[in-house]
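Participant: Using the sequences and the accompanying hints, generate a full structural model.
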Amino acid sequence: MKEMVVLSGKGGTGKTSIVACFASLARSKVLADCDVDAADLHLLLTPNVREDKEFWSGRVAFIDEEKCTECGLCQELCRFGAISDFKVDPVSCEGCGFCYQVCPTDAITMNDSMSGHSFISKTKYGYLCHARLGIAQENSGKLVALVRQNAKLIAERENLDYIITDGPPGIGCPVISSLSGANLALLVTEPTLSGIHDLERVIGVCRHFGVPVSVCVNKCDLNEDNTSAIESYCGKEGIEVAAKISFDNVITEAIVEGLPVVEYSEGKVTHQIRELWQAVSAKLEE
Amino acid sequence: MIISVASGKGGTGKTLVATSLAISLSANHRVQLLDCDVEEPNANILLRLAITHSQPVYVPIPSVDEAKCTYCGKCAEVCAYNAIAVIKKKVLIFPELCHGCGACSYLCPESAITEKGKEVGVFETGDSENLRLIQGRLNVGEAMAPPVIRAVKKHIDCGSVVIIDIPPGTSCPVIEAVKGSDFCLLVTEPTPFGLNDLSLAVEVVRELDIPSGVIINRVGLGSDEVEQYCHREEIPVMLRIPLDRDIATHYSRGIALVEGMPRWRQEFVSLFQDIEGMLAADAREK
Numbered sequence: 000m001k002e003m004v005v006l007s008g009k010g011g012t013g014k015t016s017i018v019a020c021f022a023s024l025a026r027s028k029v030l031a032d033c034d035v036d037a038a039d040l041h042l043l044l045t046p047n048v049r050e051d052k053e054f055w056s057g058r059v060a061f062i063d064e065e066k067c068t069e070c071g072l073c074q075e076l077c078r079f080g081a082i083s084d085f086k087v088d089p090v091s092c093e094g095c096g097f098c099y100q101v102c103p104t105d106a107i108t109m110n111d112s113m114s115g116h117s118f119i120s121k122t123k124y125g126y127l128c129h130a131r132l133g134i135a136q137e138n139s140g141k142l143v144a145l146v147r148q149n150a151k152l153i154a155e156r157e158n159l160d161y162i163i164t165d166g167p168p169g170i171g172c173p174v175i176s177s178l179s180g181a182n183l184a185l186l187v188t189e190p191t192l193s194g195i196h197d198l199e200r201v202i203g204v205c206r207h208f209g210v211p212v213s214v215c216v217n218k219c220d221l222n223e224d225n226t227s228a229i230e231s232y233c234g235k236e237g238i239e240v241a242a243k244i245s246f247d248n249v250i251t252e253a254i255v256e257g258l259p260v261v262e263y264s265e266g267k268v269t270h271q272i273r274e275l276w277q278a279v280s281a282k283l284e285e
Numbered sequence: 000m001i002i003s004v005a006s007g008k009g010g011t012g013k014t015l016v017a018t019s020l021a022i023s024l025s026a027n028h029r030v031q032l033l034d035c036d037v038e039e040p041n042a043n044i045l046l047r048l049a050i051t052h053s054q055p056v057y058v059p060i061p062s063v064d065e066a067k068c069t070y071c072g073k074c075a076e077v078c079a080y081n082a083i084a085v086i087k088k089k090v091l092i093f094p095e096l097c098h099g100c101g102a103c104s105y106l107c108p109e110s111a112i113t114e115k116g117k118e119v120g121v122f123e124t125g126d127s128e129n130l131r132l133i134q135g136r137l138n139v140g141e142a143m144a145p146p147v148i149r150a151v152k153k154h155i156d157c158g159s160v161v162i163i164d165i166p167p168g169t170s171c172p173v174i175e176a177v178k179g180s181d182f183c184l185l186v187t188e189p190t191p192f193g194l195n196d197l198s199l200a201v202e203v204v205r206e207l208d209i210p211s212g213v214i215i216n217r218v219g220l221g222s223d224e225v226e227q228y229c230h231r232e233e234i235p236v237m238l239r240i241p242l243d244r245d246i247a248t249h250y251s252r253g254i255a256l257v258e259g260m261p262r263w264r265q266e267f268v269s270l271f272q273d274i275e276g277m278l279a280a281d282a283r284e285k
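So the protein sequences, as listed, match chains A and B.
According to numbering that gives the first Met the number 0, the residues represented by the first sequence are 0 to 285, in order.
According to numbering that gives the first Met the number 0, the residues represented by the second sequence are 0 to 285, in order.
For the record, the hints were derived by calculation from the structure and aren't laboratory data.
In this text, a Cβ means the ideal position worked out from N, Cα and C, and glycines have one as well.
Certain hints may be false.
Distance ranges between label pairs, derived from CB positions [what the hints assert, rightly or not]: (1) B/Lys89 <-> A/Thr108: 31 to 39 Å; (2) B/Lys87 <-> A/Gln148: 25 to 33 Å; (3) B/Thr51 <-> A/Glu199: 17 to 25 Å; (4) A/Thr108 <-> B/Gly72: 37 to 45 Å.
In silico DSS-like links for lysine-lysine, alpha-carbon gap of 25 Å or less [what the hints assert, rightly or not]: (5) A/Lys141 <-> B/Lys117; (6) A/Lys141 <-> B/Lys178; (7) B/Lys153 <-> B/Lys178; (8) A/Lys243 <-> A/Lys267; (9) B/Lys152 <-> A/Lys86; (10) A/Lys1 <-> A/Lys151; (11) B/Lys117 <-> A/Lys86; (12) A/Lys86 <-> B/Lys178; (13) A/Lys52 <-> A/Lys66; (14) B/Lys285 <-> A/Lys86.
Facilitator: Below you can see the structure in the form of structure tokens.
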């Protein structure tokens with residue numbers, strides 16, 4: 000069983016559209032959507048939710064007005080600016096419990112907080128593990144880890160060849176959580192200066208965690224000079240450019256229809272994405 | 000006034016809007032642009048200001064004086080993040096799990112714990128005549144963006160118009176970046192992904208009680224579901240930017256929209272006036 004995560008650094012480069020195509024092209028796999036704060040993969044795979052579990056993680060402080068003597072110690076010590084006027088702002092509270100530990104009148108309790116939901120669904124392409132982080136919640140990294148764990152259990156149980164993961168944008172906590180220990184990171188970039196800048200940073204994160212990378216340039220004809228710059232940068236760094244995908248509104252049309260583009264059109268983009276899957280699945284077998 | 004530019008979904012045009020708004024307003028106002036997308040800061044790719052000041056951002060991490068330590072285990076007991084473990088005659092510290100709350104050092108009965116700064120990123124500034132850029136950069140391999148975002152936001156100057164470029168998503172970095180704003184512009188695109196992630200972003204600003212308006216980018220693509228949603232939810236659509244290859248090409252080269260196509264300046268000035276008008280009307284109501 001091999002696990003591939005699709006990342007990009009910059010958002011909106013086409014990760015989800017590409018993962019949906021892999022869902023259609025790969026035979027024996029489970030899918031995981033690790034972009035738990037703004038998950039979109041389900042919009043293309045029409046999942047049937049089989050399991051919906053509450054995700055309880057972290058705690059939030061609460062001050063009992065009756066017991067509080069307004070000494071102000073908690074306010075003074077809280078480093079997250081979460082307490083003012085002897086009230087806790089649950090959005091700013093990071094659940095460290097420092098205030099609870101020091102309160103001289105035991106006026107503070109730490110309450111568990113429900114931070115989201117994790118789902119296991121059936122789709123016509125196989126299982127999809129996904130989640131929804133509650134609005135303004137912490138611990139996205141832990142929820143990502145849970146989604147990956149669910150996917151891994153299914154892959155083992157069903158003896159599947161691949162775990163294909165749609166990753167979050169950025170380089171921080173949820174990205175690290177979706178990346179560590181994967182067999183390959185496919186990095187989807189675009190030929191804009193921002194795309195290149197963000198690609199370099201996400202390559203750095205993959206190297207930091209020892210995960211091999213492969214690059215895909217989406218919208219490659221938007222700026223041919225930048226595409227060449229990405230190719231020569233990758234060449235210098237010894238990174239394979241697995242495929243280039245043309246700038247074509249057909250990708251958006253497919254999203255509007257709620258379909259992976261390889262099932263919506265037989266045009267150039269579909270062929271390019273098929274080549275991409277061949278290249279990355281071969282690399283996973285190495 | 001503090002205006003944040005957010006989106007839920009990545010790649011919808013937050014940075015394009017934030018930089019164009021900042022440049023357009025700087026003709027008549029003192030403007031600060033805060034790039035709080037510290038995982039992938041891109042605003043200066045478009046502003047191209049020389050960075051004149053750079054300073055590391057530290058998170059305080061515990062350091063144990065083994066000469067004073069009695070291995071009582073209090074520090075491990077109070078740490079909500081399992082960042083300290085005491086095993087027999089050894090204290091293990093896991094800096095990547097530490098949130099820097101300070102509970103362990105304060106509560107150590109032997110005063111054996113001091114805090115050492117661990118660098119997690121940098122904050123940088125650059126200026127042109129009326130425009131100051133303040134950006135944070137999370138170090139590659141670091142997980143926690145909020146401390147870097149807090150370091151950037153410490154430098155808000157209330158005498159300026161402050162524009163904040165927010166990271167994508169809906170979790171802790173977004174909340175840290177957006178809270179305290181007077182108004183939030185939500186940038187989206189007319190696709191099912193754009194709509195799904197817009198609806199999540201709307202929940203965030205409602206949770207934080209921040210007035211908001213929508214900017215639809217790449218109009219002409221996809222469907223009119225976003226327009227219908229805004230109408231239904233009574234959220235004003237404040238600006239529409241068409242799907243235009245020239246706009247995408249300028250962006251790919253790192254040229255701000257209002258620099259490449261100066262006729263857009265007036266649109267952004269009007270956008271600002273509309274926001275001022277809405278906030279004034281809100282204030283009168285209250």
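Participant: Please go over all the hints and tell whether each is borne out by the structure.
Facilitator: Hint check:
| no. | hint | result |
| --- | --- | --- |
| 1 | B/Lys89 <-> A/Thr108: 31 to 39 Å | 33 Å, holds |
| 2 | B/Lys87 <-> A/Gln148: 25 to 33 Å | 31 Å, holds |
| 3 | B/Thr51 <-> A/Glu199: 17 to 25 Å | 23 Å, holds |
| 4 | A/Thr108 <-> B/Gly72: 37 to 45 Å | 23 Å, violated |
| 5 | A/Lys141 <-> B/Lys117 | 23 Å, holds |
| 6 | A/Lys141 <-> B/Lys178 | 23 Å, holds |
| 7 | B/Lys153 <-> B/Lys178 | 13 Å, holds |
| 8 | A/Lys243 <-> A/Lys267 | 11 Å, holds |
| 9 | B/Lys152 <-> A/Lys86 | 23 Å, holds |
| 10 | A/Lys1 <-> A/Lys151 | 10 Å, holds |
| 11 | B/Lys117 <-> A/Lys86 | 30 Å, violated |
| 12 | A/Lys86 <-> B/Lys178 | 17 Å, holds |
| 13 | A/Lys52 <-> A/Lys66 | 35 Å, violated |
| 14 | B/Lys285 <-> A/Lys86 | 23 Å, holds |
Violated hints for the displayed structure, listed by number in ascending order: 4, 11, 13.
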